[in-house]
Each structure stands twice: as structure tokens, then as C-alpha cells.
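Asks: All chains should be modelled from the sequences, with the hints used to inform the complete structure.
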Amino acid sequence: AQSVAQPEDQVNVAEGNPLTVKCTYSVSGNPYLFWYVQYPNRGLQFLLKYITGDNLVKGSYGFEAEFNKSQTSFHLKKPSALVSDSALYFCAVRVYNTGNQFYFGTGTSLTVIP
Amino acid sequence: EAGVAQSPRYKIIEKRQSVAFWCNPISGHATLYWYQQILGQGPKLLIQFQNNGVVDDSQLPKDRFSAERLKGVDSTLKIQPAKLEDSAVYLCASSLGRLAWYEQYFGPGTRLTVT
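Quick mapping for you: the protein sequence lines, in order, are chains V and Y.
The numbers in this note's numbering rise by one with no breaks, and the one at position 99 of the first sequence is 1245.
The numbers in this note's numbering rise by one with no breaks, and the one at position 101 of the second sequence is 85.
Because the hints were derived from the structure by calculation, they are not lab data.
Hints should not be assumed to be uniformly reliable.
[Unchecked claim] As a list, the in silico SDA-like pairs of lysine to any residue whose alpha-carbon atoms are at most 25 Å apart:
1) Lys28/Y x Ile1259/V
2) Lys(-5)/Y x Gly1199/V
3) Lys1168/V x Lys55/Y
4) Lys1195/V x Tyr89/Y
5) Lys62/Y x Ala1160/V
6) Lys1204/V x Leu54/Y
7) Lys46/Y x Val73/Y
8) Lys1168/V x Ala(-11)/Y
9) Lys1195/V x Lys46/Y
10) Lys1204/V x Tyr86/Y
11) Lys1195/V x Ser2/Y
12) Lys28/Y x Pro1164/V
13) Lys1195/V x Val3/Y
14) Lys(-5)/Y x Tyr1185/V
15) Lys1204/V x Leu80/Y
16) Lys28/Y x Val1157/V
17) Lys1168/V x Gln1152/V
18) Lys1168/V x Ser2/Y
19) Lys62/Y x Gln1247/V
20) Lys(-5)/Y x Lys1195/V
21) Lys67/Y x Asn1187/V
22) Lys1215/V x Val3/Y
23) Lys1204/V x Ile1259/V
24) Lys1168/V x Glu87/Y
25) Lys1195/V x Gly24/Y
26) Lys1195/V x Glu87/Y
27) Lys28/Y x Thr1254/V
28) Lys1215/V x Ser1230/V
29) Lys28/Y x Glu1161/V
30) Lys1215/V x Trp85/Y
31) Lys55/Y x Leu23/Y
32) Lys28/Y x Val3/Y
33) Lys62/Y x Trp85/Y
34) Lys62/Y x Asn1187/V
35) Lys1215/V x Ser2/Y
36) Lys28/Y x Leu1228/V
37) Lys46/Y x Ser2/Y
[Said to hold, decoys possible] Okay, the calculated beta carbon distance ranges per label pair:
38) Asn1163/V x Trp85/Y: 43 to 51 Å
39) Asp47/Y x Glu1210/V: 23 to 31 Å
40) Asn1158/V x Asp47/Y: 41 to 49 Å
We put the CB at the ideal spot given by N, CA and C, even for glycine.
Replies: Given below as C-alpha cells:
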């Protein structure tokens, strides 16, 4: 079975400090990995994705993520956090040979403290 | 470019009543998805359409949920009769196609409360 784990329900970081939101996955096959952000009363917004190639992926709003195949991880990072980054972050995985269904993690609430 | 539109944004109904949600995807997007997001959880796929055909409805509770996308554009999701456990946010998403590397674009969701 395909699954995604976000081990931290809540992450707090001071404004200006680097942030990391963790994601690990378990799939049979080659994964396609995605990060989405959700602001209150809004739908999910696409941040970035890993398909193939360079393990470091850059996305919207200064976010990046590193694909690590040996550790089956895809952690989201940003060098300097902003208060406006405070939101709910979801990691998702998709495997081509399983009907293309998205499997989402349970989400990590990020709070950036001024 | 307009995003995914959904209506209504909020709905409160009593158990055993029926309810319908509407979704208009991004123009040109062939694939449409309906998700259920229960508070504190990630979205769970209910049904996936490719144009006007159903690709995956394995997690749709078919005894009470139904969905259609008759002309391959707009879609409606219906619940009849509703149960308390159906209280959730219902998200519609669309993508260019079914290929696994296409990202999905989500609408704002409909928050359903069943009392």
C-alpha cells in the first residue's frame, strides 16, 4: 500500500530562521512527490513537485524540497521563514502504476513567530 | 486564468437530508477530482473523472454518494441521505490530464456540517 507520513503535527519557527517540514513515503514503484499549502478557508495550493532528475526541487514563494531516495524522504525547506508562511502543509505522493491516485499526508501546521 | 470554482462554500443540513455540491474546473483540464477532507486529516480521493468518464471511484460510498460530469466540464457531487460522519470539507480539483506528474489545482472547498 502507498502511504505518506508527516511525523510532526506542528512546527514552530522564528521569523528569519530556516524552516523544515518533514515528509517520508512508502510506495511500490517510482514516486512522484508533491507539496501543497493550505491557508484557512482556502483550498490547497501547489508549491512544488519532484518527478525525476535533480534531487533538489525549487518551487513557489522561495520553498524548496530535497528528494532522498535512500531515506524515502521529501522534506520541504525554506532558508528564511516569513510570518506569512504560517499555514498547513501537505505532502503527497503519486505512483503511476496504481491508478495515479494522490496519497496525502495528514498535514503539518507551520507557525512562524514574529 | 480563473481557478477551480466551487459552490456553495458552506452548507448546514440535518442528517438524512440530501445535499449537492458543484464544481467548475479550470478551462481545458480534462481530469477532475472530488476529495473529502475531514478535520485534522489529509484529503481523501472520492472519485476521479477523465472528461465525462469515471476513472476511479473505489473510495466513493456508493450507497449514499453519487457524482457526475455529464459534458466533461462541470461536475456535481451528491450525498443522499447524509450522515453525521459526512461532516467535512469537500474539495474539487482539476488537472490537465491523468499523467502522474501533473499537479492538481484545488478549489476553495465546500464545508459541510451535518447535524
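Asks: Each hint: holds or not?
Replies: Quick rundown of the hints versus the structure:
A C-alpha spacing of about 31 Å is found between Lys28/Y and Ile1259/V, which places the hinted pair above 25 Å, so the restraint is violated. Distance restraint check for Lys(-5)/Y and Gly1199/V: the Cα-Cα separation of roughly 44 Å exceeds the 25 Å cut-off, and the hinted pair is therefore not satisfied. Taking the CA atoms of Lys1168/V and Lys55/Y, the gap is about 41 Å. The hint is violated against a cut of 25 Å. Between Lys1195/V and Tyr89/Y the alpha-carbon distance is near 13 Å, which keeps this suggested pair within the 25 Å criterion.
Note on Lys62/Y and Ala1160/V: the hinted pairing is violated, with a Cα-Cα distance of about 44 Å set against a maximum of 25 Å. Between Lys1204/V and Leu54/Y, the direct Cα distance comes to roughly 38 Å. Violation of the 25 Å bound is thereby established for this hinted pair. Using a Cα cut-off of 25 Å, the hinted pair Lys46/Y and Val73/Y holds, with the two alpha carbons roughly 18 Å apart. For a cut-off of 25 Å, the pair hint linking Lys1168/V to Ala(-11)/Y is broken: about 31 Å separates their Cα positions.
Proximity of Lys1195/V to Lys46/Y is assessed by CA-CA distance (about 32 Å); at most 25 Å being required, the pair is judged violated. For the hint pairing Lys1204/V with Tyr86/Y, the CA-to-CA distance comes to about 16 Å; that is within 25 Å, so the pair holds. For the hint linking Lys1195/V to Ser2/Y, the alpha-carbon distance of about 38 Å lies beyond 25 Å, and the restraint is violated. Only pairs whose Cα atoms come within 25 Å are accepted, and Lys28/Y paired with Pro1164/V is rejected, the gap being roughly 31 Å.
Taking the CA atoms of Lys1195/V and Val3/Y, the gap is about 35 Å. The hint is violated against a cut of 25 Å. Proposed proximity of Lys(-5)/Y and Tyr1185/V is supported: the alpha carbons are some 20 Å apart, at most 25 Å. Distance check on the hinted pair: Lys1204/V and Leu80/Y sit about 21 Å apart at the alpha-carbon level, within 25 Å; holds. Distance hint between Lys28/Y and Val1157/V is fulfilled; the C-alpha atoms sit about 23 Å from each other, no more than 25 Å.
Between Lys1168/V and Gln1152/V, the direct Cα distance comes to roughly 6 Å. Compliance with the 25 Å bound is thereby established for this hinted pair. For the hint pairing Lys1168/V with Ser2/Y, the CA-to-CA distance comes to about 40 Å; that exceeds 25 Å, so the pair is violated. Taking the CA atoms of Lys62/Y and Gln1247/V, the gap is about 21 Å. The hint holds against a cut of 25 Å. For the given pair, Lys(-5)/Y sits about 33 Å from Lys1195/V by alpha-carbon distance, which is inconsistent with the 25 Å threshold.
Our distance criterion of 25 Å between C-alpha atoms is met by Lys67/Y and Asn1187/V, whose separation comes to about 23 Å. Only pairs whose Cα atoms come within 25 Å are accepted, and Lys1215/V paired with Val3/Y is rejected, the gap being roughly 44 Å. A hinted pair counts as satisfied when its Cα atoms are at most 25 Å apart, and Lys1204/V with Ile1259/V qualifies at roughly 24 Å. In summary, the hint linking Lys1168/V to Glu87/Y is supported, as the alpha carbons are separated by about 20 Å, within the 25 Å threshold.
The suggested pairing of Lys1195/V with Gly24/Y holds, with an alpha-carbon distance near 23 Å, which does not exceed 25 Å. As the CA atoms of Lys1195/V and Glu87/Y are separated by approximately 8 Å, the hinted pair is consistent with the 25 Å bound. Our distance criterion of 25 Å between C-alpha atoms is met by Lys28/Y and Thr1254/V, whose separation comes to about 16 Å. For the hint linking Lys1215/V to Ser1230/V, the alpha-carbon distance of about 31 Å lies beyond 25 Å, and the restraint is violated.
Between Lys28/Y and Glu1161/V the CA atoms are separated by roughly 32 Å; this puts the pair beyond 25 Å, and the hint is violated. Taking the CA atoms of Lys1215/V and Trp85/Y, the gap is near 17 Å; set against the 25 Å cutoff, the hint holds. With a C-alpha separation of about 32 Å, the suggested pair Lys55/Y and Leu23/Y falls outside the 25 Å cut-off, and the hint is violated. Only pairs whose Cα atoms come within 25 Å are accepted, and Lys28/Y paired with Val3/Y is accepted, the gap being roughly 19 Å.
For the suggested pair Lys62/Y and Trp85/Y, the alpha carbons sit about 29 Å apart, so the restraint of at most 25 Å is broken. Of the supplied pair hints, the one linking Lys62/Y and Asn1187/V holds, its CA atoms being roughly 21 Å apart against a limit of 25 Å. The hinted pair formed by Lys1215/V and Ser2/Y fails the criterion: a straight-line CA distance of about 46 Å is larger than 25 Å. As the CA atoms of Lys28/Y and Leu1228/V are separated by approximately 30 Å, the hinted pair breaks the 25 Å bound.
For the suggested pair Lys46/Y and Ser2/Y, the alpha carbons sit about 14 Å apart, so the restraint of at most 25 Å is met. Remark: the range hint 43 to 51 Å for Asn1163/V to Trp85/Y is contradicted by a beta-carbon distance near 32 Å. Taking the beta carbon of each, Asp47/Y and Glu1210/V are about 44 Å apart, not inside 23 to 31 Å as hinted. Taking the beta carbon of each, Asn1158/V and Asp47/Y are about 43 Å apart, inside 41 to 49 Å as hinted.
Checked against the numbered hints given earlier, this structure breaks hints 1, 2, 3, 5, 6, 8, 9, 11, 12, 13, 18, 20, 22, 28, 29, 31, 33, 35, 36, 38 and 39; the rest are met.
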